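Visitor: Residue numbers (the numbering used here), protein chains in the order written: chain S, 1 to 438; chain E, 1001 to 1438.
I should point out that these hints are in silico values taken from the structure, not numbers from a laboratory. Small disclaimer: the values here were computed from a predicted structure and weren't measured. Treat the hints loosely; a few may be bogus.
[To be verified] With the Cβ distance kept under 8 Å, some of the chain E side facing chain S (calculated, not the full set):
hint, residue
1, 1023
2, 1025
3, 1150
4, 1178
5, 1278
6, 1294
7, 1307
8, 1310
9, 1314
10, 1317
Backbone N, C-alpha and C define an ideal beta-carbon position, used for all residues, glycine too.
There are 2 protein chains.
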Amino acid sequence: MHPSPLRIGLLGCGVVGSGLVGLLGSRERAVTDAAGGPLRLSRIAVRHPSKQRDVDLTGVAIGDDPVAVADAEDVDILIELMGGLEEPLAAVRRALERGIPVITANKHLMSAHGPELEALAVAKGVALRHEASVGAVIPVLQSLDQGLRTERCSLLVGILNGTTNFILSTMEREGRDFSEALDAARTLGFAEADPSLDLSGADTAQKMTLLARRAFRTDVPHGSIPTEGIVGMEPEDLRDAERFGYVVKLLGIGQRLPEGLDLRVHPAFIPKRYLLAAVRDEYNAVYLRGDAAGSMLLYGKGAGALPTAQAVLGDLIAVARERRLCAANGTPPPAASAPGMPHREPEARLALDDVRTKVYLRLTVQDQAGVLAQITQRLGAAGVSVAQMFQEPFVRGEASITLLTHEARDRDVRDAVAAIAALPAVRRAPRSIRIFDR
Amino acid sequence: MHPSPLRIGLLGCGVVGSGLVGLLGSRERAVTDAAGGPLRLSRIAVRHPSKQRDVDLTGVAIGDDPVAVADAEDVDILIELMGGLEEPLAAVRRALERGIPVITANKHLMSAHGPELEALAVAKGVALRHEASVGAVIPVLQSLDQGLRTERCSLLVGILNGTTNFILSTMEREGRDFSEALDAARTLGFAEADPSLDLSGADTAQKMTLLARRAFRTDVPHGSIPTEGIVGMEPEDLRDAERFGYVVKLLGIGQRLPEGLDLRVHPAFIPKRYLLAAVRDEYNAVYLRGDAAGSMLLYGKGAGALPTAQAVLGDLIAVARERRLCAANGTPPPAASAPGMPHREPEARLALDDVRTKVYLRLTVQDQAGVLAQITQRLGAAGVSVAQMFQEPFVRGEASITLLTHEARDRDVRDAVAAIAALPAVRRAPRSIRIFDR
């Protein structure tokens, strides 16, 4: 009665891989039921095969060559959790070429090589899934591929990085400075030893690339999204945000505008009343606006061993079920069934220079006659008009000026800020953070 | 190159049905692409076939017999959007018996007859989908069926009715009373002419039945969830909620507790900091907590012509794609592929009487010696301890006493409230609303 097991080849057995092996063991009955038959881990490739591991790998062939696993006769489904770029690329490519479906949690791989790999998967009639690569448990790729597949998205805004969101939440809640908050994130396991990909916004940009391709059905080349991170964020920025009714979040933004597709990653003031403003600590969320669906928000843990493993398991069950569905006569599924390959149309991109934004500015100035006039002159000359302004009393010859602007061309704002920074009365580099309230 | 169209039979062409016909027309290319081939509306059944409609029904056979549509040779997929119970039941049953997949938005039908219809669908190897029946665009059934299918849910809390959420939001924001807020909801199209199913909580209870079956993998008989609505809600209740740091929402609650599964529908105070507290107006949301996934929230429009039609379209594309997948040799999909039929285990239910809750109480009392002692005596006798108490100054011989209790057995609280209501010094029926802060 039982069909023969589908055999899994696993690349990488770190925290997520171990989490997955644990779930496959502890949920064996439910997984078998959901997948329409048993799954069995047959091979893994890890960097150090002889290392002692916490999980039960009895009967699993352990090696150190990812391509050999992708190539093995006793592997029906490949799961890539090793990270990196060149090594997993070679293995994933090999598996797809052989007609073996692939599941990966590797956002870097999919951002850099997704279009090529998806085309290969479609050509071979096999699935390539990567729900865990964006927002882990948040079912956002699945929703864009299925329920929202024909929806025309006008806006997608994501909080896609748990490390930076934890740091910003901690700074906001406890008034701590950036490096203290980063230490707290490290202590709690929300930041890696080298958090530079998180802090620079690069991690968010990779995830945004994957989301934008799907939500806007267009090509988004790897590395093409203008990106700013949160390094240098100051407690005063968060206090000012609070004072003006905002919260600071590192956002991935995608907007379909008449002038073109506006894609960018940067910290932003968002109104406190937004649901996204209530997304705190290590949580992620994706806000979507579609023509028929209206506004949606999907929220959950975007990282961590078990949440990520749970998302991989969801993909694995879907792939296994689909595979059994087609197994009856060995028919490959039609191309349309491979997720993530809707028809893509070229879409003009709107350069960040030409995006219109409101901006928060904080300047530290010397007590000097006419300094405010000099500042407003520089803004006015660039076509940037001021919506609100606060100047604190001078203390020891120095004062802080805080400004919120009306909407202006992003390039013009940056030019004005550069001109202001060059004024002799301006003491240090101005702080400038965009406001997002669409 | 093009496969022959899959032919759709549609029951009902009201706002949602018209919305769907409109989307099928305006998105024809994307739908064909996503479904792996064209879809064509071949037949509809409506109550008044001769009525003039806004949508283009050229070439569609229009009749008034739902079962005849379910039975027609030129129908490959049945979509039920007529509402009601007996009529759609007969038609859906007939279609499934013939091996025709069915999509419905009918929560009443699925709450009352879901288990029987799902068993029939599995036996016949066809899909039965109803994403639109709960939370419309919110992809919650899909997530529970797919990514979360093997997850062990410990908590599910939903705001599942847009009408009542709009009324509560309006009362809170504008300080209006219940009937004014209901009128506003009617004016804006968020309440039907007869809103009794919404206001009584029955609509929420039906949706909660569908969610609980899936999230907790157990049988939940139709009508078995203890339900209270929001009729009689007073502006003072919402003001007190605000004062104590809460917001009032009509919740569907499902909790897996050591003593059994706690399912209930009632208005509740929830802490202001909860994401659910920020779900306002006609929006719906489902909060989930799972053993590996952790906390998740899915948010969106739970009603309306286009959001509901969009959810139906998502189901339709999934069904069409799966149908083409199995069409190669006419193999029925394995039972495991029919969504919504994971293995269900019997689970003890915890009676509402035995649930432990905190409660908000508001009493109007006469200026009479010892009245507070009488009240606290009744509470103490029932084992209910007071966490906070406020008594306003007496005005014209009357004062309001507001209490928040510690956790106590629900039945004991109700007994105490009944005993307090019987005190001669208590002027009118006490207001009592449970607090949910798990």
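Visitor: Go through the numbered hints given earlier and state which of them the structure violates, listing their numbers in rising order.
Guide: Hints 2, 4 contradicted; others consistent.
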